[in-house]
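A.B. asks: These are the residues of each chain, in order.
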Amino acid sequence: SLTKAYAATPTNLKIIDLYVVFAVATALVQVVYMGIVGSFPFNSFLSGVLSCIGTAVLGVCLRIQVNKDNKEFKDLPPERAFADFVLCNLVLHLVIMNFLG
Amino acid sequence: PRPAPRADETLAQIPPPRPPMAAAASTMLESLPAPLLRALRLKTKQQELLLRVSALALIYVLAFAVRLFSVLRYESMIHEFDPYFNYRTTLYLTEHGYSEFWNWFDHESWYPLGRVVGGTLFPGLMVTAALLHRLLRALSLAVHIREVCVLTAPFFAANTTLVAYAFGREIWDSGAGLVAAALIAVCPGYISRSVAGSYDNEGVAIFALLLTFYLFVRAVNTGSLAWSLAAAFGYFYMVSAWGGYVFIINLLPLYVLVLLVTGRYSQRLYVAYNCTYVLGMLLGMQIRFVGFQHVQSGEHMAAMGVFFLLQVFFFLDWVKYMLNDVKLFKSFLRITLTCVISVGTLALGIGTASGYISPWTGRFYSLLDPTYAKDHIPIIASVSEHQPTAWSSFMFDFHILLFLFPAGLYFCFKRLSDATIFIVMYGLTSMYFAGVMVRLILVAAPAVCLISAIAVSATIKNLTTLIRSKSKSPQTTGKTTGSKAAAKGAVDQPLPFQHNVAVALLLGAFYLLSRYAIHCTWVTSEAYSSPSIVLSARGHNGGRVIFDDYREAYYWLRQNTPTDAKIMSWWDYGYQITAMGNRTVIVDNNTWNNTHIATVGRAMSSYEDEAYEIMQSLDVNYVLVVFGGVTGYSSDDINKFLWMVRIGGGVFPVIKEPDYLVNGEYRVDKGASPKMLNCLMYKLCYYRFGELTTEYGKPPGYDRVRGVEIGNKDIKLEYLEEAFTTSNWIVRIYKVKPPKNRS
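Top line first, the protein sequences correspond to chains L and C.
Under the UniProt record's numbering, the first sequence has 34 at position 34, and the numbering climbs by one with no breaks.
Under the UniProt record's numbering, the second sequence has 131 at position 131, and the numbering climbs by one with no breaks.
Everything labelled a hint here was simulated from the structure, so no lab data went into it.
Note that the coordinates shown come from a computational prediction; the quantities given were computed from them, not determined experimentally.
Some hints here could point you the wrong way.
As the list claims (entries may be wrong) - For lysine-lysine, the following DSS-like pairs were computed, each having C-alpha atoms within a straight-line distance of at most 27 Å:
1. C:K330 / L:K14
2. L:K4 / C:K320
3. L:K4 / C:K327
The shape of chain C in the complex, shown without the other chains:
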């Protein structure tokens, strides 16, 4: 059930970006009384610094505050699915210390396989939150780790605005930096994954990404080893935080390649890339989950290739400088190039053919070939945030930035430098990936904000220059004698109404920016602040109804089942069950073992007796399903059921998808296929539902999500019994009966 939009909850709007500082400052100061004025009179540079610092401070607070909607509306809790695993590991880290955490083997998930947690996660987020927690404790602020976890993402989003300011200043000027910081503070594409409560890797990773890029561009601009070292550390933080670091390790060599091809090779570039690559690669290999991928995986080979290419470039450059003889150098060049190219292709060929260099993994290959996942890896294709992006999503997440992006590209091309080439490349590659997968709009958001900020800043600067320039009146040019002088005067004369048009355009620009701010706060309030574990809707009288069924069910599990009980459910709920219910699960959101998930999928799609055999083999004690038919909650297991069938059928050919469809149509009413009407998932979801009247005027057993009366109302369960159903029937738990005594 979707909440209706409310207009009374918009936050304060951002201040519009300032015209040249001194003009505003001097007008402000002139309105103060005289003795105060004399005491406060600052030089222009100091006025500018004061304005800039106060604007940045306001932007910092804004970025933090706009992400707090769900904390204010519901409570301070962790959202969604993945953050629960991160929270559980952070809790473990604070309780048992770093060494135990690094070597943790979790036997409570993926029963009976277990999971090596220490070696299969990205520790950056957990270590960051634990360090913040320790720092606050050292300052005698006794906060619970959960509060720190909930507020980590907004804190790092605020830090990202500072990095965006520095980056904008590096690429263009400080005005563009300020606008970039303001834009990214409220950009919905970034807010979607960094609200308070969304304790996920991306909250920290985007900060690390932008920081690495900023430090690298600064290193390329200055050619200093110290900045390259800082960039390597930024890359290390990124590798520890998110699997998307592969984007950095491929964008940097691509950027170097573009610079080499456009003839912008310089020794600053050599110093920056080499130091960053070698140190960054070494630091990256310290994370166990990444391991030796930097030298063995196909996704990282571009960086190594460009590394060797740069050595060749440097060598050729040095020989050219030494020789001072064009003909000799040309022949030397030809020999070297042929040698290098042949050796390189030979090495790459041998490496790939012998399997030493592993090919691109499915996760990243499906970015280059979007149709790959649907045919070969149904698990990746089934995740809702891996679907291709619709135009409405782009508009929703970017608003005016969508058309400011090409404008910014134009300005970047007008003033090409090493830094602007980088931001153009970052923008274009990230926009391509954002088009392939909805989730990656997050990676494109900083680039889009920066490029749009360049457009906004350059345009506003031009307009305000037009306003401040003195306009020549027609009488003065008329006084000059001679037709030639008059003609020249006519050319110099400014366009008619130039001043007024510039003021109008400036007002238009401010209007657009204020609409952007309003849109962003509305989007944050309506779409991105729901915890997804607590649902809310409006009742008929307008009052708000809260559905807290998930937590009700998990706490029932925690309090009413034996501690060694094993719960079988679809993988979406695994992390939440282990974190809140504190029970062992069969599969969870890590989805590392496709066969195990397919076994669960097969159990859910089989008849009850076949499923009972599978459940006995997995030692299952309880089964948990999510059912939205009573409340109209559409993300329930019946809607996800076809994916269970596909994933199960991918491994066990006995499960065939057409068995569950009627003429290619998915139905649950009387016309549904008999296999569908009698499979375990159907029985567990609709058990006793046939007696319930859900809507006035409809027959009992009316499913509000599918909009039909269910086909099989008289369900009898032989091997399971109902243990618990939450108050709104959203989560249903069944106990698996032990085998009958043989007499």
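Just chain L, same shape as in the assembly:
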């Protein structure tokens, strides 16, 4: 019944969901790799994992704000939500690039 209910969600939300799942999967791959190879240099590992987690989290926030069923965000235009999303991602990746080392 969960899959049936999920099939009814709009396509744009499904795209965002796919993006989020991809980000989390990438993070898991990195953690497994760290488990095999060791965590030196730690800042690079952290920046890699946190960039994935960060994009996943920001994707979920975008999904919340764009979802038409959310009563709290009904007067937020989706363009504004997307612009905020892009800005936050920009800052996130700038910090990641500084932290990669």
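Knowing the structure of chain L, use the given hints to seat chain C on it.
C.D. replies: Just chain C now, with coordinates in the frame of chain L:
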């Protein structure tokens, strides 16, 4: 010597908070002549805006001006101990540039270990001052960096009032915001660490703290990613400025937890906390001193735990929305919760047991368990500003805010929203910590001001509404016919003398606020404006006497010793010696190496020959002690001596505290223990003091601080010789003699 209170130096009082704007404005306008009136007539909204902006401008100037007492009385100089290190690093930053500063290894302190300055300081304050300096230079105002450093704290205190106004407006309304700005402009709890000259991290950090909290509450209220990003940047500024950022990273998850528990979970909260946490954590890790603590230290684990908890909440919320079937959802909920809780506790357990997650450091653990420091870490227990707070300190620093705080809590609980829950939590947690450590009254001050402002604003609003409402006279209700109508009229009738009582209460409220302003300026003038490096007292004829001994001694060091000389003194004076004397020191206020400090403590408490061996091993050339017996200055090394013994004894068991006490009593007169009478510190402080008459009618060698005649007047020094004693004997410098030639 304490200066006597003076009544002639109070500054202008703050204007009392305004009743509803339009009433005051219209009465003001009506008194103007007619043609001017027509030209100036503004709509009500514009009048209100004008009043608000002018009030805020006045508050801004007031916050800056009230902190300038010591600059006016003495001169524009840096106060106390820690600010000298900040000043020295800022000077280095402006002279050598950011890259050199970030990678600086200081070989002039903690000889022979040195100190990695770039990685062990919080750069926010220095970078801020250097940027301000660069901006002023770009505007062709050639100011010295010292002036910028001295005035940084008052500038940021003025900015804090603006943030307090915005925060108050977010929580309650603009009236409360104005009152909050006015209260925090003069609150002594905040002024104590942000006077002109107090160039310390807290001056900038409190601004960053309030800014972060304001931006986060705004993000929670609006659910916008942009505000959360701003909150993350505010948190980054806080992390770069002060070690107290740990308070933020624990208060935010606690707040989210309280909201979850009270059933106020909303998607705005999810967006705000997640964005702020992830971006804030990443930005925080860019500061080298903080490093990877956000993922490895026990103090930061609460934030991570709440982060995962929020994901679980969101997931459950989404599944519930998707399923639309209560029974299925309940079973799913049970399975998920058990899985999550078990995984979480397992991860936490493994992390803590394996040592990967480091436990709470002593500094912060002693906040949760106040008795911990005294038994285990004497250095933390010895700092005077780490002692528990007395009620008199609370009254001194908060005055009327102390009883307005519970009143404000009542109003907050009456109108509970996400924002008021936050301010209540901030207020309660910060008051607990303020009770544990005197220094943390500073962190509680903004919360107390905001909550009291809510009380003041709500009360004054109610009172003025009562005054402005039309009062029904008894005759009109008497005219209505029928007993039922008369009874109803009697219920609607306002209380007798309502108007007069409201006016009286309003006048009382204004009186209280004006007394608060007077108290705050008096406190600032008397207690918090002393530079502590320059002392002053009143002579017998009422004239003021200035003791500038510290700077005299440091400049003597700078001009009369070889440039590679090493100075041994107690750690309190390390920063000042390196900044003003420009010489290498053995230990300084950073206190990062307890064993090194204990070595110095052991040297000070040993007999002269043992101490000479220790000094030879440390390459010491000069020894500096502070002695207040001639002037009556009570913060001298003899009064601090027992801490030297305790810290030294903590590492070297050969130093035992009971050796220096007589029947548990600390004495320096004839009845003192022989170890005390012959230790290095005693000899250096009281050398040649036995010949000096300090007070009329007392024998020579009378110590004015301890109030006794000293026991050992005939002191001979074998391995040291006196190099310099300042004019009031406050600072004494001794040269360590090189070893005798072997014949």
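A.B. asks: Could you run down the list of hints and mark each one as holding or not?
C.D. replies: Hints versus structure:
1. Of the supplied pair hints, the one linking C:K330 and L:K14 holds, its CA atoms being roughly 26 Å apart against a limit of 27 Å.
2. Restraint check for L:K4 and C:K320: the C-alpha separation of about 14 Å stays at or below 27 Å, so the hint holds.
3. A distance of roughly 17 Å separates the Cα atoms of L:K4 and C:K327; the hinted pair therefore holds under the 27 Å criterion.
The structure shown violates none of the earlier numbered hints.
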